[in-house]
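Asker: Chain residues, written in single-letter form:
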Amino acid sequence: RKEVEQDPGPFNVPEGATVAFNCTYSNSASQSFFWYRQDCRKEPKLLMSVYSSGNEDGRFTAQLNRASQYISLLIRDSKLSDSATYLCVVNPGGYALNFGKGTSLLVTP
Amino acid sequence: DGGITQSPKYLFRKEGQNVTLSCEQNLNHDAMYWYRQDPGQGLRLIYYSQIVNDFQKGDIAEGYSVSREKKESFPLTVTSAQKNPTAFYLCASGGTEQFFGPGTRLTVL
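From first to last, the protein sequence lines are chains A and B. Going by the working numbering, the first residue of the first sequence is number 30, and it counts up by one from there. Going by the working numbering, the first residue of the second sequence is number 70, and it counts up by one from there.
Where hints are given, some of them may not hold.
[As the list claims (entries may be wrong)] Here are the in silico distance ranges between beta carbons for each label pair: (1) A:E85 with B:Q86: 43 to 51 Å; (2) B:Q110 with A:N94: 21 to 29 Å; (3) B:Q125 with A:S78: 34 to 42 Å; (4) B:T155 with A:R95: 14 to 22 Å; (5) B:D123 with A:P43: 49 to 57 Å; (6) B:T165 with A:S57: 12 to 20 Å; (7) B:T89 with A:Y99: 37 to 45 Å; (8) A:R88 with B:G109: 25 to 33 Å; (9) B:I120 with A:S82: 26 to 34 Å.
[To be verified] Computed cross-link-like contacts, DSS-like style, restricted to lysine-lysine with a CA-CA straight-line distance of at most 25 Å: (10) A:K74 with A:K130; (11) B:K78 with A:K71; (12) A:K31 with B:K152; (13) B:K126 with B:K152.
[Stated by the list, open to error] Far from chain A by the CB rule (all over 12 Å, computed), these chain B residues: (14) F81; (15) R82; (16) E84; (17) E93; (18) Q110; (19) E131; (20) S134; (21) E141; (22) A150; (23) K152; (24) Q167; (25) L178.
Hints were generated in silico from the structure; no laboratory data involved. Computed from a predicted model, the values in this text were never measured in an experiment. Quick reminder that beta carbons are idealized off the backbone N, C-alpha and C, glycines included.
Generate the whole structure from the sequences, applying the supplied hints.
Answerer: As structure tokens, this is what we get:
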């Protein structure tokens with residue numbers, strides 16, 4: 030079983046739409062959770078950390094469900110500039126991170 | 070400006086040659102990491118270093134070597150023993166949250 034699993038997409042949505050991505054992880058002892066954004070042929074950039082209580086940053090909301098071992102990312106009022114690949118990342122403990130393969134989002138005019 | 074730099078951006082290598090990829094950070098982070106990304110795949114950890122003069126193998130260390138003589142620098146050598154070296158190599162630093170350099174695209178001809 031893969032440690033971090035994501036639907037690869039692509040998700041094609043019109044501008045202004047709301048879109049949600051889910052991610053599951055296999056290690057129940059995992060301690061930290063993140064969403065990164067990666068543009069084509071660029072490095073991943075930290076979008077937000079995911080806390081047990083959930084957290085929001087502008088149009089982006091992240092949720093963590095430890096019991097079901099999944100993480101979600103909700104993007105409201107999608108912009109063309111949100112088009113990218115979104116990586117779900119889990120720290121199972123220690124320094125190393127486990128990366129999902131990413132979910133591709135394309136926002137269209 | 071604080072950040073992580075990697076050089077070169079693109080690198081072409083003939084089979085049988087060793088090459089060294091540079092990674093420098095001025096974020097004063099103790100820990101540094103090397104990842105490899107293949108098309109459609111998640112990032113995989115090659116090596117990481119928590120402090121100067123110490124480093125540990127990641128999931129795919131075979132055919133690679135590193136050194137950590139200075140806090141700011143963590144160079145990666147791709148040796149001729151690495152069977153499929155063509156990939157996008159990403160250096161990161163940080164603790165719970167990791168921040169990436171712009172990457173080096175290595176192509177073996």
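Asker: So, for every hint listed, does it hold in this structure?
Answerer: Evaluation of the provided hints:
| no. | hint | result |
| --- | --- | --- |
| 1 | A:E85 with B:Q86: 43 to 51 Å | holds (49 Å) |
| 2 | B:Q110 with A:N94: 21 to 29 Å | holds (26 Å) |
| 3 | B:Q125 with A:S78: 34 to 42 Å | violated (24 Å) |
| 4 | B:T155 with A:R95: 14 to 22 Å | violated (39 Å) |
| 5 | B:D123 with A:P43: 49 to 57 Å | holds (51 Å) |
| 6 | B:T165 with A:S57: 12 to 20 Å | holds (19 Å) |
| 7 | B:T89 with A:Y99: 37 to 45 Å | holds (40 Å) |
| 8 | A:R88 with B:G109: 25 to 33 Å | holds (27 Å) |
| 9 | B:I120 with A:S82: 26 to 34 Å | holds (33 Å) |
| 10 | A:K74 with A:K130 | holds (15 Å) |
| 11 | B:K78 with A:K71 | holds (11 Å) |
| 12 | A:K31 with B:K152 | holds (24 Å) |
| 13 | B:K126 with B:K152 | holds (17 Å) |
| 14 | F81 | holds (16 Å) |
| 15 | R82 | holds (19 Å) |
| 16 | E84 | holds (24 Å) |
| 17 | E93 | holds (15 Å) |
| 18 | Q110 | violated (6 Å) |
| 19 | E131 | holds (17 Å) |
| 20 | S134 | holds (18 Å) |
| 21 | E141 | holds (18 Å) |
| 22 | A150 | holds (23 Å) |
| 23 | K152 | holds (22 Å) |
| 24 | Q167 | violated (6 Å) |
| 25 | L178 | holds (20 Å) |
Hints 3, 4, 18, 24 from the list above are not met by this structure, while the remaining hints are.
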